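Peer 1: Sequence:
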Amino acid sequence: MERKRREKIERRQQEVETELKMWDPHNDPNAQGDAFKTLFVARVNYDTTESKLRREFEVYGPIKRIHMVYSKRSGKPRGYAFIEYEHERDMHST
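Residue numbers for the sequence shown follow my numbering, beginning at 1 and rising by one.
No lab work stands behind these hints, which were simulated from the structure alone. Misleading hints may appear alongside valid ones.
Across the chosen pairs, the derived CB separations fall in these ranges [unchecked claim]:
1) Arg5 - Thr94: 43 to 49 Å
2) Glu2 - Ser51: 48 to 54 Å
3) Lys8 - Arg89: 46 to 52 Å
List of simulated lysine-lysine pairs, DSSO-like, C-alpha gap at most 30 Å [as the list claims (entries may be wrong)]:
4) Lys76 - Lys52
5) Lys64 - Lys37
6) Lys8 - Lys72
7) Lys37 - Lys72
8) Lys37 - Lys52
9) Lys21 - Lys72
10) Lys52 - Lys72
11) Lys4 - Lys21
12) Lys37 - Lys76
13) Lys8 - Lys21
14) Lys21 - Lys76
Given the structure is predicted, the values throughout are model-derived calculations rather than measurements. Quick reminder that beta carbons are idealized off the backbone N, C-alpha and C, glycines included.
Taking the hints into account, I'd like the entire structure generated from these sequences.
Peer 2: And the structure:
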């Protein structure tokens, strides 16, 4: 039992190290836009769509882009999103 646990931990550690070597935040196609105009929204209901988020947050100002985060493996929503506004003052008003 202990041996299996150790092997699982070692295997996971190797996966993390491999992923870390491949990760390059400067060439991430999803990382775009101005950070000062972007609002992070946490605890988003898994049934919430991009259009629902747009409808709720557009009252504060025009939205340039909404990025809902999904799991790469399962394709299911992760429960958070990034909303980029046209103007920084609109993001601050939310």
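Peer 1: Confirm or reject each hint.
Peer 2: Status of each hint after checking the structure:
1. Arg5 - Thr94: 43 to 49 Å: The hint (43 to 49 Å, Cβ to Cβ) holds, given that Arg5 and Thr94 are roughly 45 Å apart.
2. Glu2 - Ser51: 48 to 54 Å: holds, 51 Å
3. Lys8 - Arg89: 46 to 52 Å: holds, 50 Å
4. Lys76 - Lys52: holds, 17 Å
5. Lys64 - Lys37: holds, 9 Å
6. Lys8 - Lys72: With a Cα-Cα distance of about 22 Å, the restraint between Lys8 and Lys72 holds, given a limit of 30 Å.
7. Lys37 - Lys72: holds, 26 Å
8. Lys37 - Lys52: Distance ~20 Å between Lys37 and Lys52 Cα, so the pair holds.
9. Lys21 - Lys72: Holds, because 18 Å separates the two Cα atoms, which is no more than 30 Å.
10. Lys52 - Lys72: holds, 22 Å
11. Lys4 - Lys21: holds, 26 Å
12. Lys37 - Lys76: holds, 26 Å
13. Lys8 - Lys21: Cα-Cα ~20 Å, so holds.
14. Lys21 - Lys76: Holds, at roughly 25 Å.
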